[in-house]
Every structure is written in C-alpha cells, then in structure tokens.
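One-letter residues, chain by chain:
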Amino acid sequence: MAATDRQTSLRGRVAAAVCSLLGIPPAVQAAARASDPPPSADQWSWDASFMRYSEVSRISVLEPQASVRRDFSDHRSLSVLVTVDTISGATPLGTLPATANTAPDAVTSASGRGINPVIGKIPTSQMTDTRYAIDGSWQQPLASDYTGILGANVSKESDFLAVGADTKLARDFNEKNTTLSLGLAPEYDVSSPNGGLPLAYGTEFTPGTIIGNQDTKWLLAGQAGLTQVINRRMLMQFNYGLTHEQGYLNDPYKLLSLVNADGDPVSAIFEKRPGRRTEQYVYWLTRYNIWDQDIASLALRFYSDNWGIRSQTMDFTFRRQSTERFYWEPHVRYYHQSAADFYHVGLLQGAALPEFASADQRLAEFIGITFGVRFGYAFRNGSLLVVRAEFYSQSGESFPKEAVGAQHAFDLFPTLNASIVQVDYSFDPGRWFKGDRLP
Amino acid sequence: MSRLAERPTALRHFQALGCHCEILLDGAGERAPELFEIARHEAERIESKFSRYRSGTVIDRVNAGRGEPIVVDAETADLLDYAARCYEFSDGLFDVTTGALRKVWRFEEGSISVDDAELAEARRHIGWHHVRWERPVLRMPKGFELDFGGIGKEYAADRILQRIRERTQASVLVNLGGDIAAAGTRVWSVGIENPIRASELIATIQLRAGAVATSGTAKRFATVQGRKLGHILNPKTGWPAPDAPLSVTVTGQTCTEAGFWSTLAMLQGGRAEAFLAEQRLESWCCRE
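First to last, the sequence lines map onto chains S and B. Residue numbering for the first sequence follows the numbering used here, beginning at 1 and increasing consecutively. Residue numbering for the second sequence follows the numbering used here, beginning at 440 and increasing consecutively.
It should be emphasised that the hints constitute simulated quantities derived from the structure, not laboratory data. Any given hint could turn out to be false.
[To be verified] With the C-beta cut set under 7 Å, the calculated list includes, among others, these residues of chain B facing chain S:
| no. | residue |
| --- | --- |
| 1 | Gln454 |
| 2 | Gly617 |
| 3 | Val629 |
| 4 | Ile631 |
| 5 | Pro634 |
| 6 | Val651 |
| 7 | Thr653 |
The C-beta atom is built at its ideal place from N, Cα and C for all residues, glycine as well.
So here's chain S without its partners, still in its complex pose (with noise of 0.2 Å):
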C-alpha cells in the first residue's frame, strides 16, 4: 500500500513537472494530483493570442492567432491553429549605401532638410504582405506507453506557399519518469516573387534576368527527443535536429553590390546561394523548481549548418508565482552566429564572381539579446491571461574589413532594435476542473 501510494505521488509530481515543461500555470499544476479523475467527458479549450513585433524604422508584424482543441475523453485530442500575420514596413535590399558619387545630385523633400539622406543609409525596400496559416494536428494513444500525433499545415502569402505535415511518436518508459519522441516533418514550397523569379546573379533592371515565375524546394525535418525526470524538482530535455533542404533557396529579392575602387556600388545583382542546405542541432532543457511553484528554466542551443553559420543560444526564464493565481517570468536570451561562407558585404566589379554570394544579412555574423518579461493571471473560471513585452537588439559588424572604399566610412550593419508585445487568452475546462478544488 504504501508503495502504491509512493507511486501515486511520484505520479503526480511527474505530471506537475511535465505541466512545467508544458508551461501550464503551477496552480493548476499544484492541483494535477494523480488521483484526479481523468476528464470524464469530451473538452473544448481554445486560445487566442495578438502579438506586435515591431523594429524601429524597419518593419512590423501584426499577428492575430486562435487555436482550438477537441479534447475526446480516451485521450485523443484534434487542434486547430489558424495564423494571420501582417508584415509591413522597409526591409534591407542587401545593397550598399551611395556614396557622394552614386547619390542623387539633389533630393527635393517637404521636409527642406536638404542633406542628402541617401548617401550612407543601408538601402531598403517598403513590403506589406499578408500570411495565412492553417495548422492541424490529431494526438492519440496508440498502445499501451505510445503516444501518435499527426499535422498538417499551409502557410500562404502572395509570393510564397508552404505545404507541411508533421509526425511524431512518443513512448514513455519507467513510470513515466522517461519520454523518448522520434518526429519527421516534410514540406514542399514554392515561391512565386513578385516581379517574377530572378536569375541569380541577373543584373537588377536588365532584360533576361528574369527567367520565370516560380520555383519550389523541399524540406525534410527530423528529431528525436528524449524528456527525463531527474528528481523530484528537476526535469531535463534533450533534442538532436536534423534537416535538409534543397530546391530554390535563395532570396528571390536580395540583391548583391558591385562596387569599384573607390567602395561606389555601381550595380546590383541578384544573389545565389547553393541549392542545399543540411542543419543539424542539440539542445538542452533543464527547468528547475526551487520552490514549490516558482520554476528557473535554463536552455541551451548549438546550431551549425553546411553553409558555415554556426549558433549558439542561451535562454534563461525565472517563473516567479507570486500569488496563487499570478505569475511573472523575467527572460533573457543571448544569440550568436557567425557568417554563411558566402557572405559578402559586396562584390569588387570586374573581379570573378564567387560560386555563391549573398548580403542578406541574415546570413551574417550578429548577436541578438532579447530581454522582457511575462505576466500570467489564472481566472477562477480557468481562463488565463498572458501578457508578455519584450525588447530584442541586434547588432553585428559595422564597420567590417571586407568593405571597400567609402564604404569604410559607413555603418553596414546597423544595431536593430524591436519591440514585442504578445497578450494572450486562453480558456480551458480541464483547468477549471481541477482548479476550481483548490484548497
């Protein structure tokens, strides 16, 4: 008997940490004992969320989300997400500023500032785009210790589709304490550019460089993860990706500087990148609980592809419950990469083209340090109220030896700064449930 009851509460404490790794609040998770009663009847919960990201003087998104869950009462359970992002704003175009040579003789302006604005100012380009997203997924026991989940997705915009499933299979061991998951996820997309498919290293604005409308790639994601209870306060994660990629997988909008001598971006081409990519990550979860509700959580990422960007990412949230119903969680998080092999600034005119170049500066070296904070409030009725603001900064080389020229006098990569703010709400019957017999 007591060994029974032993095992009850290991359970429980099991569940509760498995609630923490979920991110479901530790008030409803104080009350996920074990002996609860399974949920006796068919659930609906769903969820709705509007997010903001805005970076200054670049662009914003504005994204509304709603998901909705059928929960069936022997375990099988259907979501739904549907996802509308609106980005908006100026996006680097990959070229180099103008110097005094390149820039426009005079600039007319309402403003009457009347300094050339151009000359040593990243080029960018105004976009506004509209995202729909549609994601599936069916879970369901399969056999005794066996977990099944099966997705699909579509993602649309106006130059690009995505066509994704996903399949995961998850076997717990040893009382629960162990959880091994292998999932694959296929996708196919194509891009149709506006203005047509460019040729890579086509010159901008010259007739023949656009070769069509539309080209596809493909991409296989697999991973395997392995979730252990260390102790009764401390749960570990652990995950190996793996994907590959290959089709179309350049920018069809980036463009490349040709620069003379004196650093003066005479022209532009389009870039090329190789048709393949293989990425491969580990990462590592460890959440702690130092009290009985309060969580530390700790994760660590290292990334490296074929393309020679390598990451490494360290996240760290600090769940603070500060009263039964309410949380706050500060969070950092540190991001480093170095450069693609074929990262370039720009190319010298005349000189032999590389195999592949591109100046996207997401393929460049940068550090992004995110700080913010999330705010939880659980609702008597099982409802919950997420806010979350957070700020995030980029910066990588401004200055960099490969510029030539006056481009040495100007900032190539100036600091990024944007803003974040999420509210969420979510409602959930199964957490009224068992919230509803707290003490």
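Position chain B against the provided structure of chain S, taking the given hints into account.
Just chain B now, kept in the frame of chain S:
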C-alpha cells in the same frame, strides 16, 4: 557608371531662407567661388527683404500697418501681382493673406488643436479679396497679414539660378531645402525623399533644365474629430485640408510654378492625385 564621370565639379552649402541651401556647378571651373558668393548674396537679400520675422522688411511694414496705403518696390509688386493671379487661378485656395489663420492652429507631434473662437476671429482677418492692390499701392485691412511663405523659397531658387546663369554657361542646380531649379546641359538626378522614412527615396527624377518642388509636411497626420488632417491650411474653411497626401512633388519649367502646383495639390486633399492628373503634371504623391 557613366554618371560617375559627370559629377559636379563644385558644390557649396549654406544656411539661408530658414533652410539648408545647396548650389551645384558643373563646368564653371575657376569661377565657381565667385558664383557661389553671388548665390549666397541673392539668398540673403531675398531673405532679409521678405522675411516675416525681421523688422523693417516690406512684409513687416505691411503687417504692422493699420490699413493705410503702402507703396511697394517693383520686386514686391511683381510678387503681389503673382499672388493675385495665384488667388484667381486657384479659386481662392492659394492666398498670401492666411498669416492670421496659421497663428491660431497649434501643430504638435500627432495632435492639432484650435480654439473655435480664435479661429472665427482669425477667419475675419484673411482673404485676398479684402485686399486692395493697385500697383504699386497696397492697402491691407487692419489685422491682416501678408506672408510670402508659400512662394518665397521657390521664387528665391529661380532668382538665384537666374543670377548665376547671367554670368556663366555652366550647368547649375540650386536646391533650397528641397525646392530645386536647374539650368544648363547637364542631366541631374534628383531623388524624392520618402516623407515617412527620410533616408529613403521614393523615386529619382532626371532633370536637365527645369525645376522640382515638394509640398507637404515633415510631421505625421493628426486625427481631429474623426478627420485626418495635415498641416496645410485651407483659407476657405480655415481648417487643414483633410486627407491630403504627406507630400506632393511636381516638376515644372520654374520652381515657382512647380511650387504653386504642389501646394495647390495638397489643398485638394483626397483629390490631389486626380487633380494633378487633370492638369497633366509630372508629379509624385506620397501617402501613409
């Protein structure tokens, strides 16, 4: 690349007329410094003569007057003749007597406010049709204010260009805070600044002999009583023109002419683009 070979041989900046001024010369050789000085003197002369903010100017004499007749010099008379025609051509929208109106509107970042009583009072002191102009005698009713703000900078650009071209065959570009006049054989490239993001250009014009003017506001719109308002005041309503573009750029033979059309287009509000198309003007409107 060929453009790189034809860069201006000389460039001079100075501050005058409340803005940043730029003179570009191509082919002037050793005469460039002398021509720059002529340009600068002309800018300063026009500024000191027509400024609203300096005492003793002809504008100051008119505005400080109590409605008595004032005899003006030939250049001022020419400007008043031009102002009278603008008023007529624009059906009263282009009016150099709106000074009183501008004083009662408070333009701050993102907000515009006005006191109704003050506005009503100001509206009693505007309107070119109340002015008696019989060259060279001007009679402005008491409380009225003359303001060449909508003409002055463009006029100065044309005048400076003339002064330089009287002395040289070199190609010249005069840029007074974004109002541009050019002459000569050289083709100049003129960027149009994006009023939302000042480091961007919305288009580049190839300009040989001719002019470009831009009207608009560096500040954003404000919404007052549900209407999106800019900063260009309509003398007929006393209010800023609703739904006006952020900026309107127009090309023309002279900067004064281009400036007239760009300002008038702003006053058309939501109809600016249609208005410019009706006039068959080469133009660029930028909206939020």
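Exercise. Which earlier hints turn out false for this structure, listed by number in ascending order?
Worked result: Those not satisfied come down to hint 1.
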